[in-house]
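Here the protein sequences come in this chain order: W and R. Numbering follows this note's numbering, in which position 232 of the first sequence is assigned residue number 232; successive positions increment by one, without gaps. Count along the second sequence from 1, then add 1000; that gives the number in this note's numbering.
Hints in this document: simulated from the structure, not taken from any laboratory. The C-beta atom is built at its ideal place from N, Cα and C for all residues, glycine as well. Please note that the accuracy of each hint is not assured.
As the list claims (entries may be wrong) - Looking from chain W toward chain R, a few residues come up when the C-beta cut is under 7 Å (computed):
| id | residue |
| --- | --- |
| 1 | E227 |
| 2 | D251 |
| 3 | L293 |
| 4 | A295 |
| 5 | G333 |
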Amino acid sequence: MTALADAPTTVRCTYRDAVREAIREAMQRDPRVFLMGEDVGMYGGCFAVSRGLLDEFGPERIRDTPLSESAFVGAGIGAAVAGMRPIVEIMTVNFSLLALDQIMNNAATLLHMSGGQFAVPVVIRMTTGAGRQLAAQHSHSLEGWYAHIPGITVLAPATLEDARGMLWTALEDPDPVLVFENGALYNMEGELATDAGPVDIATARVRRGGTDVSLITYGGMLPRTLEAAEALAAEGVSAEVVDLRVLRPLDDATIIGSVVKTHRAVVVDEGWRSGSLSAEVSARITEQAFWDLDAPVARVCSAEVPMPYAKHLEEAALPQVPSILAAAREVLGG
Amino acid sequence: MPSLGADMDAGTIVEWRVGPGDTVKRGDIVAVVATDKADIDVEVFESGVVEELLVPVGIKVPVGTPLARLGTLARAGATAAPVTVAAAAAPAGHPAAPPPAAPVVAVGATHSPLVRRLADRMHVDVTHLAGTGPGGAVTRTDVERAGARHRASPRARRLAREAGVDLGALTGSGPGGAVVGADVLAARPPSPPATGAPDRTASMRQAIARQMARSAREIPHYHLAVDVDMSAATAWLTAANEQRTVAERLLPAALLLKATALAAAAVPGFNGWCEDETYRPADGVHLATIVSLRGGGLVAPVIHDAAALSVDEVMAALRDLVQRARSGHLRAGDVSGASLTVTNLGDLGVDSVHGVIHPPQVALVGFGRAADRPWVVDGAVVARAVVTVTLAADHRVSDGMQGARFLDAVARHLQRPEGC
Chain W
1 MTALADAPTT VRCTYRDAVR EAIREAMQRD PRVFLMGEDV GMYGGCFAVS
51 RGLLDEFGPE RIRDTPLSES AFVGAGIGAA VAGMRPIVEI MTVNFSLLAL
101 DQIMNNAATL LHMSGGQFAV PVVIRMTTGA GRQLAAQHSH SLEGWYAHIP
151 GITVLAPATL EDARGMLWTA LEDPDPVLVF ENGALYNMEG ELATDAGPVD
201 IATARVRRGG TDVSLITYGG MLPRTLEAAE ALAAEGVSAE VVDLRVLRPL
251 DDATIIGSVV KTHRAVVVDE GWRSGSLSAE VSARITEQAF WDLDAPVARV
301 CSAEVPMPYA KHLEEAALPQ VPSILAAARE VLGG
Chain R
1001 MPSLGADMDA GTIVEWRVGP GDTVKRGDIV AVVATDKADI DVEVFESGVV
1051 EELLVPVGIK VPVGTPLARL GTLARAGATA APVTVAAAAA PAGHPAAPPP
1101 AAPVVAVGAT HSPLVRRLAD RMHVDVTHLA GTGPGGAVTR TDVERAGARH
1151 RASPRARRLA REAGVDLGAL TGSGPGGAVV GADVLAARPP SPPATGAPDR
1201 TASMRQAIAR QMARSAREIP HYHLAVDVDM SAATAWLTAA NEQRTVAERL
1251 LPAALLLKAT ALAAAAVPGF NGWCEDETYR PADGVHLATI VSLRGGGLVA
1301 PVIHDAAALS VDEVMAALRD LVQRARSGHL RAGDVSGASL TVTNLGDLGV
1351 DSVHGVIHPP QVALVGFGRA ADRPWVVDGA VVARAVVTVT LAADHRVSDG
1401 MQGARFLDAV ARHLQRPEGC
């Protein structure tokens, strides 16, 4: 039976399971870590991420909060300044706007305002993205707005490994880290190594190598971008897929390295086009790789409308595989 | 691509002197072509407006390849007929490849409002477009293609700049027909001129090797020689030069060339070309003279119809050709159409030359140095300047007796220079 012992051991799990495992590990490793947010305790989390954790860790460390984002995000910031390692969960990014003042004016600035005396080692998790018929107040992708703010790190785990591994590294970071979990990914299932552990929160990752065009994406758009790359391969086009992973600070080296190799870029972003993260990526490519471009940088973004409720309209508003393919073919000259 | 010599199969544009939209007139230098031997200025033989450069700088193309499209506007507003720039000013009877046929395409005859609007938006001049639609009408595709020709990606522009490739001449494969990097890479010469000038010495050596090996393989040579007393010629030159300014002075070489030309015109079998075992005599004596280049190698510019020129004209032509050969500004006509070659190694102290014929020519005349030697005049030995004139001739075309008559004719002309 030694052969079995040597075989790589993986466990089949969902993205949701991976996030829960990450929280559990953090709680076990560091007594300063606690989780708080709306319905994270008794209800097990609006997306069932924290189910079972209340029983395991008790109400002191798994804390239900009032429906008051500004108050509990502010409490988390205060706890972090005071030496704790809070994980604050916000139900969706739309509601995080109520806490934007705390995030922007306190979390992101205290280190600077205190002359380096007070770091804010808080981790704020929230759901983002559409595709589940949750309509225009629960479905937007506003992570690009947060990526605008100096003083915080913005993460977008799009794989089981990143869902499992980013949290601990984020908690280790002395400064605020925002983690955007795309709601459409929670049910994504796959094999995760049983020994999966912390991963870096500084670099982008090439998820599929290619030579003809760089498809640059993150979060909920990664699976369908990989699907598009597979379809392009059937057409004889070798597409490289870059997963940004870290939306702030952007890993220019990986982005530019890919574009310099393929000479063409398509940015796939679930956010709106105007003033977006995709605009930032596109601008950096133009700034840093202009003389290596064979085509204008293309973008595939969500329609600039409030996210519709009706299923067919919601699908029409979101980037889909055919629209990614069309953009890729366009920059390839087809 | 003009044929700039019987041995030339292909040439490379090293410089365009004109671009699309430029007006050119017959005789203008439009491009510089690198052959294995030298950079040669290419003249245009039609007046008109350059519409398109078809071959970018740095690309080697076979002889006969159209290099550019030229619109000749016969009458204002009338349909222009493009002609192909083919600068092969080969004299009649030149054995090189026939000039390529000019593609005849109707230009800009008709265009629809849609085409006009599109052309306006894309900044394309429809009046200069060759239409591919019914009756030569300019179609939307024609306009799009013409518009896209001017579009190139940043990478394509950078690569083109680095490789010296003319973007305007490339067909784009990118979005909307834009030229992209891969197009430039495909058009780039195999060895980019990263280290400056290409190594012409090596390629020239190869060309000479090919040519001479062919000569040795195909031509049954015979060699004859005669010593010629140059005192009459020297005296005539001295007297002639007394009346000339320094710039107009005659050199002995002019007289040697003229005497050779006259002999070639008078004695058949040495002035022409032999191909496929068939001899074709030339109309007029087109005398190639070997010019060695600084830095190695040689070129053989041609004095056309040398027998019909005065010695002064031969001198002027020689001076012009040598000067331009050494400065790298020979033109197409300067190196094509030679029917007989003269080589003069006297300057290097050589007494006599046993030449190798330059195929498909059938003879080569060699001159050694004019050295004072003992010479018998009226039964007495005197010192005279004597030149050994040699003939290398193709035995398929001529025999020793004709060769002897040819050398005798050269000698007689040199002894009666006033008749030259």
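Hints versus structure:
1. Hint status for E227 of chain W relative to chain R: violated, with the closest Cβ pair at about 23 Å, above 7 Å.
2. The beta carbon of D251 of chain W is not positioned within 7 Å of any beta carbon in chain R (closest approach about 22 Å), and the interface hint is therefore violated.
3. A distance limit of 7 Å between C-beta atoms decides the matter here; for L293 of chain W the minimum to chain R is near 5 Å, and the interface restraint holds.
4. Below 7 Å, beta-carbon pairs count as interface contacts, and A295 of chain W has one with chain R at about 5 Å; its hint therefore holds.
5. Interface hint status for G333 of chain W: upheld, as the beta-carbon distance to the closest one in chain R is roughly 4 Å, under 7 Å.
Violation of the numbered hints given earlier is confined to hints 1 and 2; the remaining hints are satisfied by the structure.
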